[in-house]
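> Here is what each chain is made of, one letter per residue.
Number of protein chains: 2
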Amino acid sequence: MPGLTHWHSPNFHAYYPTAHSFPAVVGELMSAGFGCVGLSWVASPAYTELEVAMMNWLGKLLDIPEEFLNCSEGPGGGVIQGSASEVTFVALLAAKEKMVKDLRTLNPELKEADIKGRLVAYSSDQSNSSVEKAGLLGSMPMRLLPSDEKGRLTSTALIEAMEKDKAQGLIPCYVVACLGTTPTCAFDDLSDLAPVCKRENVWLHVDAAYAGTAFACPEYRHLMKGVEHADSFNFNPHKWMLVNFDCSAMWVKDARYLVEAFNVERIYLKDKHKGLAPEYRHWQISLGRRFRALKLWFVLRIYGVEGIQKHVRHQISLAEYFEELLRKDNRFEVCTSSMGLVCFRLKDGDKPTQELLERIHERKIIYVIAGQFRGVFVIRFAICSRLTQRSDVDYAWQEFLSQVEFIIPSNKNIIADEINEKKSIATIELPSAACENINCNEKSK
Amino acid sequence: MPGLTHWHSPNFHAYYPTAHSFPAVVGELMSAGFGCVGLSWVASPAYTELEVAMMNWLGKLLDIPEEFLNCSEGPGGGVIQGSASEVTFVALLAAKEKMVKDLRTLNPELKEADIKGRLVAYSSDQSNSSVEKAGLLGSMPMRLLPSDEKGRLTSTALIEAMEKDKAQGLIPCYVVACLGTTPTCAFDDLSDLAPVCKRENVWLHVDAAYAGTAFACPEYRHLMKGVEHADSFNFNPHKWMLVNFDCSAMWVKDARYLVEAFNVERIYLKDKHKGLAPEYRHWQISLGRRFRALKLWFVLRIYGVEGIQKHVRHQISLAEYFEELLRKDNRFEVCTSSMGLVCFRLKDGDKPTQELLERIHERKIIYVIAGQFRGVFVIRFAICSRLTQRSDVDYAWQEFLSQVEFIIPSNKNIIADEINEKKSIATIELPSAACENINCNEKSK
Chain C
218 MPGLTHWHSP NFHAYYPTAH SFPAVVGELM SAGFGCVGLS WVASPAYTEL EVAMMNWLGK
278 LLDIPEEFLN CSEGPGGGVI QGSASEVTFV ALLAAKEKMV KDLRTLNPEL KEADIKGRLV
338 AYSSDQSNSS VEKAGLLGSM PMRLLPSDEK GRLTSTALIE AMEKDKAQGL IPCYVVACLG
398 TTPTCAFDDL SDLAPVCKRE NVWLHVDAAY AGTAFACPEY RHLMKGVEHA DSFNFNPHKW
458 MLVNFDCSAM WVKDARYLVE AFNVERIYLK DKHKGLAPEY RHWQISLGRR FRALKLWFVL
518 RIYGVEGIQK HVRHQISLAE YFEELLRKDN RFEVCTSSMG LVCFRLKDGD KPTQELLERI
578 HERKIIYVIA GQFRGVFVIR FAICSRLTQR SDVDYAWQEF LSQVEFIIPS NKNIIADEIN
638 EKKSIATIEL PSAACENINC NEKSK
Chain A
218 MPGLTHWHSP NFHAYYPTAH SFPAVVGELM SAGFGCVGLS WVASPAYTEL EVAMMNWLGK
278 LLDIPEEFLN CSEGPGGGVI QGSASEVTFV ALLAAKEKMV KDLRTLNPEL KEADIKGRLV
338 AYSSDQSNSS VEKAGLLGSM PMRLLPSDEK GRLTSTALIE AMEKDKAQGL IPCYVVACLG
398 TTPTCAFDDL SDLAPVCKRE NVWLHVDAAY AGTAFACPEY RHLMKGVEHA DSFNFNPHKW
458 MLVNFDCSAM WVKDARYLVE AFNVERIYLK DKHKGLAPEY RHWQISLGRR FRALKLWFVL
518 RIYGVEGIQK HVRHQISLAE YFEELLRKDN RFEVCTSSMG LVCFRLKDGD KPTQELLERI
578 HERKIIYVIA GQFRGVFVIR FAICSRLTQR SDVDYAWQEF LSQVEFIIPS NKNIIADEIN
638 EKKSIATIEL PSAACENINC NEKSK
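Chains C and A, in that order, are what the protein sequence lines are. In short: position in the first sequence from 1, add 217, done, that's my numbering. In short: position in the second sequence from 1, add 217, done, that's my numbering.
A portion of the hints provided could be inaccurate.
Since copy identity is lost for identical chains, a pair holds within one copy or between any two.
The list that follows gives simulated cross-link-like pairs (lysine-lysine, BS3-like), each with its CA atoms no further than 25 Å apart [claimed, not checked]: (1) Lys318 with Lys564; (2) Lys545 with Lys367; (3) Lys545 with Lys527; (4) Lys333 with Lys383; (5) Lys367 with Lys277; (6) Lys328 with Lys415; (7) Lys581 with Lys442.
Since the hints were made in silico from the structure, they are not lab data.
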């Protein structure tokens with residue numbers, strides 16, 4: 218297909234994955250075919266009811282605390298939004314609503330506008346651009362605090378920033394913690410941040426857009442330790458969980474703050490079934506809604522828990538394999554490696570790393586993009602396509618090798634013998650065009 | 218299909234239409250199949266480029282002023298958003314951005330927060346609930362001003378409200394005019410409102426969510442007279458223009474205010490193609506985008522201008538036919554009739570009208586919903602499905618007749634003889650169950 222960037226090519230390693238699977242495509246097709254609009258329960262009951270059920274299934278798949286689920290007895294619940302950007306903004310509005318209510322309960326003389334004008338939000342400098350955007354949209358300054366050496370927001374930085382703001386008469390209101398940051402897939406430590414949020418009565422939102430899918434595997438759940446203290450939690454099945462864009466899963470512990478931030482009742486939306494099922498239009502920006510729960514249903518039924526776990530573990534193993542390859546060549550340096558993402562650079566510094574990336578971009582054999590970590594320029598290598606296999610990682614590695622050759626010529630000793638023996642491809646002595654052929658041959662095996 | 222409300226049944230006459238057509242479904246399927254994410258031009262060039270082209274085609278189809286189009290020389294342009302709710306909110310943010318900039322240019326000592334805390338927005342009490350919601354989301358009080366006897370916002374009401382606010386130190390910032398209000402499809406007079414907005418330096422947004430499609434037909438364009446003075450314009454191809462939900466078309470005269478309200482640059486989004494095509498992520502809330510332009514392309518290519526005009530004219534003619542039927546029975550009163558929507562009631566008042574609606578809801582033969590117009594309870598009858606024909610309007614009318622009989626028994630004289638003769642169905646003498654059968658038979662003819 219001309220004009221498209223092939224996100225589902227096994228040679229696409231840019232950004233993060235965007236999910237794709239045939240069950241999800243069928244779900245999308247059926248949703249378009251039915252063509253209803255779920256603007257309220259009565260406007261298409263199955264839209265709401267299947268979404269309630271799917272958000273419960275999904276919450277159980279990830280093993281998030283039960284009080285987030287629709288099936289719990291409390292005011293918690295889950296909803297499908299369009300994107301993590303939307304969710305971060307929506308949660309910010311709920312946080313604002315809660316803070317205004319809390320402060321006015323303590324001091325009824327405070328004016329709403331005065332409170333709102335003094336609210337502040339926090340996240341790390343590693344959070345997604347959409348977090349900063351949520352602050353812009355919600356007119357709440359978003360402090361992007363310096364992360365630690367592992368790319369994490371720390372309670373120390375958070376406390377310091379909050380104290381500084383409070384000293385200026387401002388009111389800490391909202392914290393966005395990241396489980397899997399965009400640049401390097403770093404994990405903030407929720408059990409470090411949560412006590413601060415609790416003490417300051419600040420809304421803690423957890424953005425696990427990409428990495429959240431990994432919690433389907435018990436061995437990764439320690440990375441969300443402390444999630445029980447969060448007020449809202451978000452991950453995108455449309456990133457890593459095989460559900461086509463858009464499908465962003467959001468849970469809140471107390472949905473009433475959302476509903477109060479959004480609720481605008483008009484007569485043409487009133488009906489007598491009110492109160493029996495959530496009216497999701499009060500949980501989101503738009504009035505209308507597609508039947509996105511159907512995509513989730515198809516994927517969960519056809520892949521099942523084990524299918525999803527297998528997919529996650531396979532993709533992580535491919536990233537680990539790529540990391541191994543990098544570590545065996547001492548021109549390269551692995552900066553971070555987490556889940557399906559490896560960030561690396563050339564030891565010689567930013568300029569040669571940048572040159573390597575430019576060469577790769579110029580050739581269009583594989584696609585990777587730049588990142589920045591602790592002030593240095595890195596190349597992000599993500600396992601993206603559902604179709605990517607070990608041979609595709611080899612193929613990408615050969616592409617990097619062929620191009621680094623023009624920047625830092627190797628001698629055979631530099632490349633660990635092991636790789637050359639295993640692959641039997643004398644890539645490093647060949648000029649670039651020949652390399653490409655060899656890689657193609659390798660590929661077709 | 219159990220559990221679904223069949224928006225595309227020819228007997229669905231509730232809310233407004235939501236569009237459905239096979240070309241659009243194919244477009245949606247292909248978009249899901251490609252499964253790319255258009256988070257920037259380079260992340261899938263065709264996503265951006267086809268959208269630019271389609272928004273130009275669409276603007277020309279409706280004959281909106283050229284300065285709104287991407288192909289004009291100025292800073293205007295069009296973008297596909299998810300819903301009119303999103304658009305109204307996004308335009309509000311742009312209006313806020315502009316006002317802050319304008320006021321600080323005049324008086325650099327003014328603080329941003331002080332300006333933002335004093336901004337006010339206006340619309341009529343007939344605007345969609347999403348307009349009020351946009352005010353809530355954007356922390357800008359939205360005054361819902363009383364409409365005139367035709368359901369229109371007037372310059373008199375607008376000036377009065379603005380003067381009142383200014384006297385209290387507030388700053389008028391944003392006006393949402395409706396071309397086709399939700400309750401009755403009333404049209405605000407833009408040429409009446411625009412001079413006020415211009416004088417007060419207020420952003421004028423035009424919400425033509427449903428009725429905008431009618432401007433594909435030259436005979437309805439007089440209803441948007443004055444649109445050249447608007448700052449932004451929105452209509453939903455996903456309502457009446459045969460493009461499946463979601464596809465909401467938004468144009469702005471100066472996109473720079475949007476971009477400035479949204480722009481958050483991060484290194485992983487940077488690339489060297491910047492500036493050549495619009496980066497639509499700065500025009501909207503989310504970072505990711507589906508390939509919605511494809512649905513538009515399929516519909517525009519397969520239906521063509523004439524196909525869309527034919528569809529609009531046919532649906533309006535069906536509403537006019539229903540209005541005729543109502544006018545011939547003196548138990549009924551037509552309250553408003555505009556485009557594909559007729560609002561009516563029983564002359565005997567709210568209570569019997571409400572009872573009639575309850576009976577119709579109970580029976581589930583056709584689906585209509587309530588509305589309110591100038592303080593009275595009305596039933597909204599909208600031509601919704603692409604498949605609705607004259608015989609379906611007859612079918613709905615027989616359903617109303619059969620039920621009104623229990624509330625206001627007729628004698629043969631009340632129902633105009635003409636109808637009975639034409640249809641040869643002695644509906645009015647029969648009890649409800651029998652009516653239903655007759656209607657079904659009538660339908661199957």
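> Each hint should be assessed against the structure and marked as holding or not.
A quick look at each hint next to the structure:
Proximity of Lys318 to Lys564 under the C-alpha cut-off of 25 Å is found in neither arrangement, the shortest distances being 53 Å within a copy and 46 Å between copies. For a Cα distance limit of 25 Å, the shortest separation of Lys545 from Lys367 inside one copy, 23 Å, qualifies, whereas the shortest one across copies, 77 Å, does not. For the identical chains of this complex, Lys545 and Lys527 are neighbours neither inside a copy (27 Å) nor across copies (68 Å), given an alpha-carbon limit of 25 Å. In this homomeric assembly, Lys333 and Lys383 come within 25 Å of each other (Cα to Cα) both inside a single copy, at 14 Å, and across copies, at 21 Å.
In this assembly of identical chains, Lys367 and Lys277 lie within 25 Å of each other by CA distance neither inside one copy nor across copies; the values are 29 Å within and 53 Å between. In this assembly of identical chains, Lys328 and Lys415 lie within 25 Å of each other by CA distance solely inside one copy; the values are 24 Å within and 32 Å between copies. In this assembly of identical chains, Lys581 and Lys442 lie within 25 Å of each other by CA distance neither inside one copy nor across copies; the values are 41 Å within and 50 Å between.
Comparing the model with each earlier hint shows violations of hints 1, 3, 5, 7; every other hint is respected.
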